[in-house]
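Participant: Sequence:
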Amino acid sequence: MTDALLEGLNEQQRKAVTAPDGPHLVLAGAGSGKTRVIVHRMAYLVDARGVAPETILAVTFTNKAADEMRARVRELLGDHASGVAVHTFHALGLKMLRRFGGDVGLESGFTVYGNDDRKGLLRRICREAGISEREFPIARVSQAVSAVKLDGLDGLEEREERDSHFERVVQQVATRYQGVLDAHNAVDFDDLLLKTVSLLECSSRAQSFTERRFQHVLVDEYQDTNRVQYRLLRLLAPHGRVFVVGDEDQSIYNFRGADMRNILDFENHFPSATTIKLELNYRSTGAILAAAGAVIRNNASRKGKQLTAFREDGEPPEIYCADDDRDEARDIARKLEALRRDSETAGAAILVRTHAQTRVVEEELVTRGIPHRVLGGLRFYDRKEIRDALAYARLATNADDDASFRRVVNVPTRGVGQASLAVVEQAATKAGTSLWSALDDVLGGELVPGRARLGLTAFRDIVATLRTAAQSEPPSRLLRRIYEESGLTADLERDRDPSLARERRENLDQLIAAANEYEAGPAPSLAGFLDSVSLLTDMDTLGPTPCLLMTLHAAKGLEFDTVFMAGLEEGLFPHIRASGSVKNLEEERRLFYVGMTRAKSRLYLSYALSRRFSNQASSRHPSRFLEEIPNAERGGAAMRTPREGTRIDGAALRPGVFVVHPKFGDGKVVDASGKGPDRRITVIFSGAGRKRLVAKYAKLEVIR
Numbered sequence: 001m002t003d004a005l006l007e008g009l010n011e012q013q014r015k016a017v018t019a020p021d022g023p024h025l026v027l028a029g030a031g032s033g034k035t036r037v038i039v040h041r042m043a044y045l046v047d048a049r050g051v052a053p054e055t056i057l058a059v060t061f062t063n064k065a066a067d068e069m070r071a072r073v074r075e076l077l078g079d080h081a082s083g084v085a086v087h088t089f090h091a092l093g094l095k096m097l098r099r100f101g102g103d104v105g106l107e108s109g110f111t112v113y114g115n116d117d118r119k120g121l122l123r124r125i126c127r128e129a130g131i132s133e134r135e136f137p138i139a140r141v142s143q144a145v146s147a148v149k150l151d152g153l154d155g156l157e158e159r160e161e162r163d164s165h166f167e168r169v170v171q172q173v174a175t176r177y178q179g180v181l182d183a184h185n186a187v188d189f190d191d192l193l194l195k196t197v198s199l200l201e202c203s204s205r206a207q208s209f210t211e212r213r214f215q216h217v218l219v220d221e222y223q224d225t226n227r228v229q230y231r232l233l234r235l236l237a238p239h240g241r242v243f244v245v246g247d248e249d250q251s252i253y254n255f256r257g258a259d260m261r262n263i264l265d266f267e268n269h270f271p272s273a274t275t276i277k278l279e280l281n282y283r284s285t286g287a288i289l290a291a292a293g294a295v296i297r298n299n300a301s302r303k304g305k306q307l308t309a310f311r312e313d314g315e316p317p318e319i320y321c322a323d324d325d326r327d328e329a330r331d332i333a334r335k336l337e338a339l340r341r342d343s344e345t346a347g348a349a350i351l352v353r354t355h356a357q358t359r360v361v362e363e364e365l366v367t368r369g370i371p372h373r374v375l376g377g378l379r380f381y382d383r384k385e386i387r388d389a390l391a392y393a394r395l396a397t398n399a400d401d402d403a404s405f406r407r408v409v410n411v412p413t414r415g416v417g418q419a420s421l422a423v424v425e426q427a428a429t430k431a432g433t434s435l436w437s438a439l440d441d442v443l444g445g446e447l448v449p450g451r452a453r454l455g456l457t458a459f460r461d462i463v464a465t466l467r468t469a470a471q472s473e474p475p476s477r478l479l480r481r482i483y484e485e486s487g488l489t490a491d492l493e494r495d496r497d498p499s500l501a502r503e504r505r506e507n508l509d510q511l512i513a514a515a516n517e518y519e520a521g522p523a524p525s526l527a528g529f530l531d532s533v534s535l536l537t538d539m540d541t542l543g544p545t546p547c548l549l550m551t552l553h554a555a556k557g558l559e560f561d562t563v564f565m566a567g568l569e570e571g572l573f574p575h576i577r578a579s580g581s582v583k584n585l586e587e588e589r590r591l592f593y594v595g596m597t598r599a600k601s602r603l604y605l606s607y608a609l610s611r612r613f614s615n616q617a618s619s620r621h622p623s624r625f626l627e628e629i630p631n632a633e634r635g636g637a638a639m640r641t642p643r644e645g646t647r648i649d650g651a652a653l654r655p656g657v658f659v660v661h662p663k664f665g666d667g668k669v670v671d672a673s674g675k676g677p678d679r680r681i682t683v684i685f686s687g688a689g690r691k692r693l694v695a696k697y698a699k700l701e702v703i704r
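Just so it is clear: in the sequence shown, position 634 is 634 by the working numbering, and no numbers are missing.
Note that these hints are calculated values from the structure, not bench results. One or more hints might be untrue.
[What the hints assert, rightly or not] Below, a list of computed lysine-lysine pairs in the DSBU-like style, where the Cα atoms sit at most 30 Å apart:
# : residue 1 : residue 2
1 : K303      : K600
2 : K335      : K691
3 : K119      : K149
4 : K277      : K303
[Claimed, not checked] DEER-style ranges, computed between Cβ atoms:
# : residue 1 : residue 2 : range
5 : G102      : D402      : 54 to 60 Å
6 : E11       : R297      : 19 to 25 Å
7 : E11       : H80       : 24 to 30 Å
Glycine is no exception: its CB is placed at the ideal position from the N, C-alpha and C atoms.
Using the sequences provided together with the hints, build the complete structure.
Facilitator: In structure tokens, the structure reads:
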């Protein structure tokens, strides 16, 4: 069977699979078959080396990855595979603590607190300590408590801007939180790692068990491990028979606590280690791989690999310079339509740096009826802050909209609970009116207590003000008024989770940008804008082969025939938060590299000269990462700019040339007369028919 196990492996993979006992670092480049190597390594140990299956441990990060690994080992080993232990880090910790937890003070039957349980306990502790959740949101406190537990205050300082008051609050909450867990015989997910480390440091029973049980330890995605997981690995494998697989060029989770030093310093941690590089990429074409390699070589913090492509060179990545973000979205949609005509099964993904970027792309895909799905997040118009703002806007046009009334009567929190809302509902039912119509009677009759009464009064006044403003103000200005009058903006400013607050504010700015675009059309009105949004949100965008729209972080580990990377501009990608920090800039470059190497056959990169944020269009500059792709790796002429045909005019707008118009779509020039900017051309558009245009006003782009 040994020959069968090695059959089909390339030279580098075979070297890793058959490596002798000892510590080994396998640097597995993108698309180089890392999971295949881990699985075949386990099977080889059993079949060729006679290692007992039950003495092999493989550790990974997600249940999905663990399930896949188990299935593939089973294919190779059959019944023998049942003895091999494949766990996530947390599942392994739980298994150890269930067996030996008494040695670190846990009683049998201890409870594991999930994320909701954890937040609920933290919320109660903050309330009892008089800590305002408005000032210190639970999500931020929870993340900080985890940083304190896993890394101490040093780890917290790496993730937060220096805030001594916040640190003191977190330390106070963390101490109380851990005390409650201990008193209730409970652990959280951080404890599954920390207490397992403590167990293996102090318990001779646990040490003896692991030394007998885990003779060979393999770790997947080693670049994503944190310092506690590294300590756990050292304790699990005092014998030094460790086999870790990872890629420092794909380390993109520093914000979650991943520490790239674990993989960069592996040879220092294990002085007798050997390093094996998997440098044959089976996923991407040679042209895509060459461009990605040219970018990542600009990072200093890397071990260094020179990937080569198993596949043919293929087409170089195409870089598109759009007029603005709407033009960028149209270009993506046109290419997707062409792909769908060529092949119904072609897999495609649109990758963006932030969630807020999805709005314009989503609208263009919906308008053109292109099946798509947002992966790892909500569609733009389904996000809470967007739905809240739109609910206020609907009340401004129709105060009798009970669904919108219910949604935002206590958003932001103004003391109107379910009991008070029930009083309004009962009054409305009795009078046979809407909630809004019943509100004056409830307030006039003093049917609700003081705090709720104040909240309902404030809500009534806000909606009344918005209704008056809606009669004269355009949608974009009214939305800005909604943010201010309702308190949505102030609520975000009080949010002490900077990343979440920033993301939500970006989303609200994008809603104003959408309203501004709508206002460029004929006879704009608030009702018309809300109708256009309703059409977008009500359409079914799922199909048998949907294009996936996601952030670059969500794309890690996936692959697609075609990849679009949009919004590649300075300040957006690399993100403005990375400016001034070499460490953060290099992580942004790794993220860029990860996005490029998701593509198998086609890679489209785009940036805009102008992008709309809120009610302002700002000039943009191409990402420095685009400049790091040499002309040779992007086909020289692949970098193109819009409106090229208008600029070179007579040379480009001639019969037989294919063009695209921002309104009429794709077409072909069939006639042309005159010279210079007044040149008149006739174009037959696929959807709009024959049009007679003047070159200087046509806004045509030459396709080919």
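Participant: Which hint numbers doesn't this structure obey?
Facilitator: Nothing - there is no hint that the structure violates, so all of them hold.
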